[in-house]
Amino acid sequence: MPRKKAIFKLNRIGMDITVVYMFILLLLVSMPSLIDQLTATEGQSANLNFLFLLIYFFMFYYLPMTIIVFLMLSLIAYIATIVAKGMRRKLRFSILWKMAAYTTTIPFLLYTVIALLYPVSDVFLLLSLIYTLVLIVMIISVYPRRKIRS
1327 MPRKKAIFKL NRIGMDITVV YMFILLLLVS MPSLIDQLTA TEGQSANLNF
1377 LFLLIYFFMF YYLPMTIIVF LMLSLIAYIA TIVAKGMRRK LRFSILWKMA
1427 AYTTTIPFLL YTVIALLYPV SDVFLLLSLI YTLVLIVMII SVYPRRKIRS
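Residues in the sequence shown are numbered from 1327 upward in steps of one, following the numbering used here.
Derived by calculation from the structure, the hints in this document are not laboratory data.
We put the beta carbon where it would ideally sit given N, CA and C, even for glycine.
Careful: at least some of the hints might be erroneous.
[As the list claims (entries may be wrong)] Each pair of labels, with its calculated beta carbon distance range: (1) Leu1374 / Val1468: 44 to 52 Å; (2) Gly1412 / Leu1389: 32 to 40 Å; (3) Arg1414 / Leu1389: 13 to 21 Å; (4) Lys1411 / Leu1354: 14 to 22 Å; (5) Lys1411 / Leu1453: 21 to 29 Å; (6) Lys1411 / Leu1377: 44 to 52 Å; (7) Leu1377 / Arg1414: 52 to 60 Å; (8) Leu1453 / Phe1386: 38 to 46 Å; (9) Val1449 / Asp1362: 14 to 22 Å; (10) Tyr1387 / Arg1471: 38 to 46 Å; (11) Leu1401 / Ser1447: 20 to 28 Å; (12) Ile1393 / Arg1414: 18 to 26 Å.
Using the sequences and the hints, build the whole thing.
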């Protein structure tokens, strides 16, 4: 939740740590799909060797998903930049990108747990996007306003 102390600690976290965190989080999110592919008894994946199945999974599932998530985080950060300028807050794109990355933790973990038990609808993605955007706006509102120079 957006609190001043927690938010300002975010400035001290490096972008490299955030990117590695996202790779690990996305690996965790992709686990239900990997389990589905490994336990499939029919189709093309049932006939593949385990090593080839892992290579196939990482090339055609994990890598595209990671690229899409990183692009979406950049889009959310860009939208947040516009919102921050509209609210006259002192925020840069890189800080907003880190905020967007960390606000997706709860929806991603929730998705992982639900996907292990039930098939997940695409509506979950829309709800996750709305949650992230609302949380970003709440975080932006905690930052101090820009001082107007005369």
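Evaluation of the provided hints:
no.	hint	verdict
1	Leu1374 / Val1468: 44 to 52 Å	holds, 50 Å
2	Gly1412 / Leu1389: 32 to 40 Å	holds, 35 Å
3	Arg1414 / Leu1389: 13 to 21 Å	violated, 39 Å
4	Lys1411 / Leu1354: 14 to 22 Å	violated, 34 Å
5	Lys1411 / Leu1453: 21 to 29 Å	holds, 27 Å
6	Lys1411 / Leu1377: 44 to 52 Å	holds, 50 Å
7	Leu1377 / Arg1414: 52 to 60 Å	holds, 55 Å
8	Leu1453 / Phe1386: 38 to 46 Å	violated, 26 Å
9	Val1449 / Asp1362: 14 to 22 Å	holds, 20 Å
10	Tyr1387 / Arg1471: 38 to 46 Å	holds, 44 Å
11	Leu1401 / Ser1447: 20 to 28 Å	holds, 22 Å
12	Ile1393 / Arg1414: 18 to 26 Å	violated, 33 Å
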